[in-house]
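**Q** Required output: the full structure, derived from the provided sequences and hints.
The listed protein sequences correspond, in order, to chains A and B. The working numbering applies: residue 1 is where the first sequence begins, and numbers increase by one. The working numbering applies: residue 1001 is where the second sequence begins, and numbers increase by one.
Rather than coming from a laboratory, the hints here were simulated on the basis of the structure. Take the hints with a grain of salt, since some may be wrong.
Stated by the list, open to error - Heads up, incomplete: computed chain A residues facing chain B, CB under 8 Å, no partners named: (1) V5; (2) V9; (3) P81; (4) E316; (5) V319; (6) M321; (7) I323; (8) A325; (9) I403.
Every residue gets a Cβ at the ideal spot worked out from N, C-alpha and C, and that includes glycine.
So you can see what is in the structure, the chains are spelled out below.
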Amino acid sequence: MNPWVTFKVALRALLRNKTRSGLTMLGIVIGVSAVIAMVAIGEGAKVKVAQAFDAMGTNLLIVMSGSSQGGGMRGGAGSMPTLTWGDLASIRTEVSSVKYAAPVCQTAASIQSDEQNWTTSIVGTSLDYFAIRNWPIDKGTLFSQADADAGAKVLVMGTTVAEKLYGAGVDPVGRTVRVRGSPFLIVGLLTTKGQSPMGQDYDDAIVMPVTTFRAKIQGGLAQYIPGVVFVGATSARTTSRAQRDMEDLLRDRHHLQEGIENDFSIRNLSELAGASQQGTQVMTTLLAAVAAVSLLVGGIGIMNILLVSVTERTREIGVRMAIGAKPRNILAQFLVEALTLAVMGGLIGIGLGILVAERLAASFQWPLLIRGDIIVLAVGFSAAIGIGFGLYPAWKASRLDPIEALRYE
Amino acid sequence: MATGEQPAEPTVLLRLEGVKKVYSLGDGMEVHALRGVSLTIRAGEFVAVMGASGSGKSTLMNLLGCLDRPTAGAYFLEGRDVSRLSRNELAEVRNGTMGFVFQSFNLLSRTSAKENVELPLLYAGASTKVRRERALESLGRVGLADRANHHPNQLSGGQQQRVAIARALVNRPRILLADEPTGNLDSRTSVEIMALFQDLGRSGITVVVVTHEPDIAAYATRVVVMRDGRVVDDHEQVPLTAVPPPAIVEDDAVAGGAP
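**A** In structure tokens form, the structure reads like this:
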């Protein structure tokens, strides 16, 4: 008896009991769709977190000044400026694993347009900053190197600030705002970047050349950088090396002897991102595991129904054997019935799972991520469940004695 | 006895030699269902096996049908000893040589007459085309060609039994084994089934019917009587000719023609 005929026989047997077959399948449907939806949710969350970290900057390292120390009292990182402009230039040019390095000086100030005022974060930096943070301009242009060298009173604006000052959808490029009393020309509007993983609004900021910042907003000591240094490594793989190389460079430049603590600190944001990713991964695995349990329960449902079915159809099995079915034909029939239930349930489950994932992705505004390998896995798993849980009832059916089976009432 | 005539009859279909069947009930108890049965049946015979319940006639039937194996003795079917075959080999013998008819019809419910009749061919590995042709041919032989797509619950008892006979015939068996085939039928339908069996006998198919009704046994060419696991009587007889009652013929005519 070829497999196709066996399949048709099994299908016919299943169709004779549509309600029961449907309900049995439901267990697998729910299990498979749960696995697919849960994994999609997990993947979506993972991507969302990754996007948030990407928004902070690509392969980002932050170098901060050391802490002040007076009378046994130690200040926090950056409380005493130790990083010099020379350090920045060295990092940028001498460390091979570093692609970009930009000073980031930051303060809060009130800015005024003709009608409105808004207190926001003001960033003084160099052109590298936009590359590190992966933050392109939407309208207008970035300030030029010439602007930066000359300390020109120009700035680029985040979308939140533009909206607060001019209202939504208004192009602020070419207008003038006053910052700390000085008029500044808005040369560009940045693209919308969204929120940091901690919920801070990246777009609520204006960015100007660090020279201008130091001249007009906040002075500080001539030699030292009154802020931090953002560093972009050449690739994700080189961030750790860049961290080590910069540490060696700065210790050398600051003449720190063996055994003396660093007077600066370096934070590796990709490590932080990795840890956070791992958190979501654990979550995904947990959700999928719970869903897998429901798949298992569905499998037991199949076994249960098949056992009832074997008992109920004892006479049918007897007749089939009497007219020439071999034990293995009976075994195959019941196995294929189980397999058909499981695989059909699996396929319906995939459809339902994708649908649920789509709805969830839409409502959480996550990207929809259906993993092909998970679909293959889910179908494979439900097929395995069909065979695994169908084997015992099928074996039981095939071992029936035709005489006993025919006599069964 | 019948065995004396064996040399004169070249077409011996099956032969039992000193067949015993013992069922063990556990804790040392044994039931001797057959206590040494020797029997020869030739092609085209219509044999009625009679006996009270517990006489061993059902056990004999199961052995003849290759549903079971004897504890001792030999069973030659078309010259081949089938008493020591495996389950799979027995299934093949049943599929190729036997046709079974049961008291309770044993058709698959919610399955059309045609599909029920096709079932043995399915296990014989026949193609879809052959299955359909042979099933329709077989249904035609029992006069139910126009009921091919009816389900058992849409057929009368007699029609259901005829579908079962069509199923038994579809593999073109040498032997038709019927266990109380008329037990669930009224007397008129019973005669109709017997007429069909006599017709099959004339076409060369050996028919063995287990029955406890002398009325039914009267249609057979030979009667074997069992008691306590032994054959106590075995004689040939002039069979009563089963004349299909006119009403049935008219029914068929009506079904095929005018409303």
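**Q** All the hints need checking, so say for each whether the structure fits it.
**A** Right, here's what the structure says about each hint:
1. V5: 6 Å, holds
2. V9: 7 Å, holds
3. P81: Violated, because the Cβ-Cβ distance from P81 of chain A to chain B comes to roughly 88 Å (cut-off 8 Å).
4. E316: Holds - the Cβ of E316 of chain A comes within 8 Å of chain B, reaching about 6 Å at its closest.
5. V319: Since chain B brings a Cβ to about 5 Å from V319 of chain A, closer than 8 Å, the hint holds.
6. M321: Holds, because the Cβ-Cβ distance from M321 of chain A to chain B comes to roughly 7 Å (cut-off 8 Å).
7. I323: 4 Å, holds
8. A325: Holds - the Cβ of A325 of chain A comes within 8 Å of chain B, reaching about 5 Å at its closest.
9. I403: This interface hint holds because 5 Å falls under the 8 Å limit.
Checked against the numbered hints above, the structure breaks only hint 3 and satisfies the rest.
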